[in-house]
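Chemist: Full structure from sequences and hints, please.
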Amino acid sequence: MRKNLIASTAILLAMGTSAFAADVSDGKVKIGILNDQSGVYADFGGKWSYEAAKMAVEDYGGKAAGAPVEVVTADHQNKADIASNIARQWYDTEQVDSIMELTSSSVGLAVQALSKEKKKITINTGAATTELTGKQCSPYGFHWAYDTHSLAVGTGGALVKQGGDSWFFLTADYAFGYSLEENTATFVKENGGTVAGSVRHPLGTTDYSSFLLQAQSSGAKVIGLANAGLDTSNAIKQAAEFGIVAGGQRLAALLFTLAEVHGLGLEAAQGLTLTEGFYWNRDEESAKFGKRFFERTGRMPNMVQAGTYSAVTQYLKAIDKAGTDDGDAVSKALHEMPVSDVFAQNGTVAPNGRMIHDMYLLEVKKPGESDIAWDYFKVLATIPGKDAFIDPAKSGCDLVSQ
Amino acid sequence: MQALFGQLLIGLINGSFYALLSLGLAVIFGLLRVINFAHGAQYMLGAFVAFLLLQYFGIGYWAALIVAPLIVGLLGAVIERTMLSRLYNLDPLYGLLFTFGLALTIEGTFRYLYGASGQPYAPPPLLAGGTNLGFMFLPNYRGWVVVVSLLACLGTWLLIEKTKLGSYLRAATENATLVQVFGVNVPVLLTFTYALGAALAAFAGVLAAPIYQVSPLMGSNMIIVVFAVVVVGGMGSIMGAIVTGYMLGIAEGLTKVFYPEASNIVIFVIMAIVLLLRPAGLFGRDA
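Protein sequences appear in the order of chains A and B.
Be aware that the first sequence starts at 1, since it is given in my numbering, and climbs by one per residue.
Be aware that the second sequence starts at 1001, since it is given in my numbering, and climbs by one per residue.
For the record, the hints were derived by calculation from the structure and aren't laboratory data.
Everything hinted at is true.
Covered by chain A, according to a simulated footprint, are these stretches of chain B (three or more residues, beta-carbon under 8 Å): (1) 1135–1144; (2) 1205–1218; (3) 1258–1272.
Idealized CB from N, CA, C, for every residue including glycine.
Modeler: Following this line, the structure appears as C-alpha cells:
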C-alpha cells in the first residue's frame, strides 16, 4: 500500500514537471534510428548514424517543446520483415514518435508504409529509391539525404559527358538496385547512350567474378555498379583483379560514399567519380562539424550520417514550431520550414516529402594528393537541387497537385 | 562459348574453397561425430591471424600460410581438450550447440573489435597480376588457389585413407576401446583430428584473405553453403566432400550465367533433390 502510494506520488510529480510539455505524447520525444549495424551497410550508416542522431539531440539542448528527447536504436539486418516488427513494437509499446535513417530501400518502403498507417513521421536518410517520394509517397514520410535519381544525374551524367555512351549494369537484386539501374539507364539513353545489358546479383554477394566476366565480355564502355556498401567495394576490388579497368572499361560506382572509400583505401579507389549530398571538407562549417564527429567516433561522417544529424535537428525544430509531437502537426511544420544547417544550406521540402538540396559531384584523390586523414575527395561540381531531384510534379506522388 | 569457359573456371575457383572447407568438416564429423558449427569462425580466424601477423609482426603471406593454420589448429586442440571432449558421451546435439555458441562468440568478439567491414589484405607480389588465357583474364592468385587447394585436398585424403596414422584414426572411430587396448592413445588422436580440421579451415581462410576482405562475417557467409556441400557429398565421406565441393562450385558458376538471381539458392536446391533421391548423400554409405 505504502509502496503504491510512493509510486503514485512519483508519477504525479513526474507529470507535474512535464506539465509544460503537455502536448508531447508520454512527456517525451523518442526517436528511433533503425538500420543495418552488422551487415554490408554497417559502415554506410550503421551505429555511426545513431551517434550522429545523439549528437544532434545534444547540440539542440536535449529538449523539444519542453520535453526531453531520447534516441533509441536497433539493427534490422537488412530484412524488411524484421524492420517492420521492430517499428511496430517501437510505436505500439515503446512510445517511439518517429523513425529515421532506415538504410536499404526495401526496409525504407516497408517502414514508411507502416508509419503512414500509424500517422508517425519517418525521415529516411539511408535508403535510395525514388519510390519513397514517388508512387509510394506518404504525408508522414520524408526522404532526406539523396536518392537514386540524384546519383544517376551526378555520377551517370559525368561519365556520359566523358564519352561513356554504352553501359552494362551490375545490379543489387532488390528495390534499390532496380531503382538505381532504371534511373541511370533512362538518363544514359536520354543523352544518346545505349545499355548493353545487366546482371542482377543477390545482396551481400562476396564473389563478383562471374558477373564481372559477363560485364567484361559485353564490351560496354562503362560498367555501372548499381549496388552499395561492401557489395560495391568487393566488386571494385575484384574488377581490378580481373584487369577490367586495365582493359579500358570504366567503373561507375553509382552509390559510393566516404565510408566505402575509407574501407577500400585510396590505392584501389583513386580516380572514381561519385555523388554525395555532403562532404566534410566542403567548407569551414562542415569541417568543424566533421572534426566534432571524428572526436566521438574516430571517423568522418558521410552523407548518411551527416544527413541523419540534419534530419534529427530539423525534426526537433518542427516539434518546437508545432508545439507538439503529433504526426499531422509535425509533418505540416516539416513541409513548411526551409532547411539550413551544416548538411543542407538551402534546402526545401517538396509536397511529396523530398528534401531538395544541392548534391556534390566528387572525385577520389590519388594517394599522394591527400595529406590530411579522411581528406579523400576533390569537389568537381555542385549539382543544384532542382537538377539533382525529380520535379515533384512528375514524381508520380498523389500528394502533389499535378 | 568463351564466356562459358571463363565461368567454368571461376566455378572451379569457388569450388576450391568449398572443397577445402567441407573437407575439414567431413574429417571432424567422420571421425569425431561432431557437427562443427565453429568451422566458419575458424576459417575467419585463419584470415584474421594472417592479417594480424602482417599488421603487427610484418610476417607476410607465405609464412602466414603455414603459421596461421598452426595457431588456429593449436587453438582447436585447446578447445577440444578443455571443452569439446567432455561432450563426446552426450547426444551429438550438444556438440552442435557448443560449436555454434563458440562460433557466435568468436565472430561477435571480432565484430566488436574490427567492425563489420573488411580489412584489406594484398596478394603476395609474386602472384599479383594475371594471365590472359585467350578466353578469359585469369588473375594469377586465383590460379594458385585452385592448384594449392587441390594439393591440400589430395594430401588430406591420402593421410586419412592411406597412412598408418589414418588407419588408427579410422579404427578409433569404429571401436575406440579396442584401439586403446592395442596401446594407441585415443584421446590424443581425437584432439589431433579436431586440430587438423580447424587448421584446414584456417588454411582456406588465409587463401581467401587476398580475394575477399578479411571480415568477421566471412565465415558465416560461407558455412551454410559448406554444410550443404557436406550433406550432398554424404556426411563424413572425405572424397565425397572434395568432389562435391568442386561440383557445386561449378554448378553455382553456371547458374550465374544462365539465371543469376538464383545463384545463391542453387546449391540448396541441389541439396534438396539429392536428399530426396539419396538420403545418405552422393558418396555416403547407407547406415
